[in-house]
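*Asks:* In order, the protein sequences belong to chains A and B.
When we follow my numbering, the leftmost residue of the first sequence carries the number 1, and every step to the right adds one.
When we follow my numbering, the leftmost residue of the second sequence carries the number 1, and every step to the right adds one.
No lab work stands behind these hints: they were computed from the structure.
Bear in mind that the values here come from a model prediction, so they are computed numbers and not experimental data.
C-beta: ideal position from N, C-alpha, C; glycine also.
There may be inaccurate statements among the hints.
[To be verified] Dumping the calculated DSS-like pairs for lysine-lysine here, alpha-carbon to alpha-carbon at most 25 Å:
hint: 1; chain 1: A; residue 1: Lys-32; chain 2: B; residue 2: Lys-234
hint: 2; chain 1: B; residue 1: Lys-140; chain 2: A; residue 2: Lys-32
hint: 3; chain 1: B; residue 1: Lys-140; chain 2: B; residue 2: Lys-234
hint: 4; chain 1: A; residue 1: Lys-275; chain 2: B; residue 2: Lys-140
hint: 5; chain 1: B; residue 1: Lys-234; chain 2: A; residue 2: Lys-166
hint: 6; chain 1: A; residue 1: Lys-124; chain 2: A; residue 2: Lys-193
[As the list claims (entries may be wrong)] With the C-beta cut set under 7 Å, the calculated list includes, among others, these residues of chain A facing chain B:
hint: 7; residue: Asn-68
hint: 8; residue: Leu-76
hint: 9; residue: Gly-126
hint: 10; residue: Val-127
[As the list claims (entries may be wrong)] Sample of chain A residues with no beta-carbon within 10 Å of chain B, all distances over it, derived:
hint: 11; residue: Gly-71
hint: 12; residue: His-99
hint: 13; residue: Lys-164
hint: 14; residue: Gln-299
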Amino acid sequence: MSVTSKDIRIWSRLGQRGSVFGVKMPEIAENKNNLKLLTADLAVLSGMERYMTSYPDKFLNVGIAEQNMIGIAAGLAMEGDCVFATTYASFIAVRSLEHIRQHLSYLGCDVKIIGSSAGVVAAKSGVSHWATEDLAFIRALPGITVFSPADSLEAMKIVDYASKTKGPMYIRLSGGLNCPIVYKEDYEFIPGKLKELKKGNDIAIIATGLMVNESLRAEKLLAESGISCSVINAHTIKPIDKEGLEDIFKKHKMIVTVEEHNVIGGMGSAVAEVKATLNNTPKQVFIGFQDTYTAAGSQKFVWERAGLTGELIAKRITDEWSKINDR
Amino acid sequence: MSINCSEENIKRLNEMAERMRLSALDMALASEKNGSHLGGSLSCIEIMAALYGEVLNINPRNPLNADRDRFIPSKNHCVLAHIPALAEAGFIPYEEILEFQKDGGRLTGYPERKEIGLEYSGGSLGMAISVGIGIGLSFKERKRDNKVYILMGDGELNEGSVWEGFMSAAHFKLDNITVIIDRNHLSYDGDTEDVMGIEDLGEKMRSFNWFVSKCDGHNISQLLKAFSESEPLKPHIIIADTIKGKGVSFIENKREWHHHTLTKEQYDTARNEILGKEG
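Whole structure, please, built from the sequences with the hints as guidance.
*Replies:* The following block contains the structure:
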């Protein structure tokens with residue numbers, strides 16, 4: 001299927017969640033008999049109306065009961081279904097965690113978990129609805145592949161891949177409607193491989209989710225002041241691309257990880273875990289929530305508090321870069 | 001499903017239960033200083049005997065047969081009842097049951113081993129009901145007649161997600177699910193009604209739109225009758241009234257025997273009691 005720039009614009013407007021559940025999942029359901037999509041009373045908000053109407057036998061709403069949802073998903077998977085289960089990332093990755101550990105991680109049930117509204121898109125709803133630790137929780141569980149797409153097109157590619165691939169997965173969808181476009185045209189998605197979006201000489205900015213777009217903005221600002229940055233999209237958080245990282249460490253003088261997540265346990269930690277095993281690697285700067293929550297407000301407000309806008313990422317990088325060069 | 005309630009069959013199952021009780025003691029002794037969950041295993045021996053000796057449609061010669069019923073243990077600490085049942089049903093050789101704590105063994109830690117009849121590995125209480133519902137939904141959708149049997153303890157009904165499961169099984173009209181509650185009235189810390197009361201359980205379940213049966217959980221005849229009951233479009237719960245530690249006087253209704261070590265002397269006394277011999 002060829003993807004047009006018009007498709008990309010439409011999907012951007014729908015956001016990652018709307019594109020996945022409104023467009024991609026119905027497309028998968030058309031050809032996949034053993035598909036099941038489970039939600040915990042978040043069908044309408046997630047844009048599943050078309051799916052529900054067209055494929056009622058492949059849909060199950062379990063009500064507001066996330067733990068039960070994952071247990072049911074596991075039972076269906078044991079009998080051979082390919083199961084996707086979804087609700088807000090903050091609920092699915094936290095309330096259901098023990099079910100995920102027992103049934104997906106330990107027993108290996110073929111369930112794909114889609115956590116939506118990850119990060120702080122639900123900023124005004126308050127911390128209860130933010131997911132800024134989900135990567136840490138899920139990443140610590142053996143056997144679960146973890147994805148974090150940068151835009152709507154990538155989210156759809158990841159879900160498509162998941163539907164064709166055995167094994168438990170966590171797919172972290174960020175943002176709401178109007179998700180910024182990172183990929184302006186179609187590209188080949190290679191799971192498990194870091195994707196270089198900008199080639200630079202001094203600094204490697206490794207970002208994930210919505211922070212890929214913010215990092216691309218930061219890169220432009222930094223280029224204007226003569227700092228040359230690579231921008232790398234870490235769409236696969238686990239397993240992390242060790243070879244790709246090794247290459248990045250060799251070619252840059254400073255590493256910056258940027259994520260809409262706590263700096264403990266997320267993508268930055270995954271990068272650091274690889275870096276720590278290697279000799280003579282550059283310094284790493286962790287940009288993300290600095291092990292704290294901020295006051296609630298709009299997404300922009302929270303991002304500014306946490307230093308997660310393109311401008312603030314550029315400023316932090318400039319400061320850290322000058323520390324290295326002043327030595 | 002036709003259940004044989006003849007006197008002859010009941011006698012056979014009672015004999016099976018007695019052998020399982022003795023095996024449970026063997027396992028408890030073999031666990032040495034680690035101790036074992038003897039109390040809650042002895043309370044569900046007859047339930048296990050009824051299931052593995054009569055009710056479940058399973059075949060050790062074809063353990064992965066798609067038409068088989070699924071037994072999902074939720075009170076997973078009852079290995080001392082379940083493993084002897086698997087041996088009785090022919091899934092494992094009797095000699096193997098004492099290896100249940102061997103490092104890396106195929107029975108150790110109560111793993112999932114479908115090829116020897118272990119359909120599910122749990123351990124953290126309250127989680128298995130949801131898995132059973134998923135399996136029941138799958139059978140319904142594929143228009144298959146397989147049944148799902150889930151054995152739960154009474155203490156684990158304190159877990160909130162259990163009630164999410166109960167609510168959803170009735171909502172989805174899963175009349176292919178039977179939950180058996182081993183109602184032995186004791187959890188680790190004492191009487192269930194002191195720790196966290198669950199009564200009136202029958203009324204609660206009826207109000208959740210389940211079909212409720214009650215029986216003496218040590219009476220094979222009553223158990224078989226309960227298993228043979230059903231109501232269309234409703235999940236079935238059998239509240240089996242039991243005695244924790246049943247069959248051994250110094251273990252019966254003793255909180256501390258939830259998890260305990262068994263000395264050789266105690267083993268001999270218990271064995272004689274079960275066999276009806278004077279000590």
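*Asks:* All hints are to be evaluated individually against the structure, with a verdict given for each.
*Replies:* Hint-by-hint comparison with the structure:
| no. | hint | in the structure |
| --- | --- | --- |
| 1 | Lys-32/A / Lys-234/B | 30 Å, violated |
| 2 | Lys-140/B / Lys-32/A | 19 Å, holds |
| 3 | Lys-140/B / Lys-234/B | 13 Å, holds |
| 4 | Lys-275/A / Lys-140/B | 51 Å, violated |
| 5 | Lys-234/B / Lys-166/A | 34 Å, violated |
| 6 | Lys-124/A / Lys-193/A | 34 Å, violated |
| 7 | Asn-68 | 4 Å, holds |
| 8 | Leu-76 | 4 Å, holds |
| 9 | Gly-126 | 23 Å, violated |
| 10 | Val-127 | 22 Å, violated |
| 11 | Gly-71 | 2 Å, violated |
| 12 | His-99 | 6 Å, violated |
| 13 | Lys-164 | 21 Å, holds |
| 14 | Gln-299 | 31 Å, holds |
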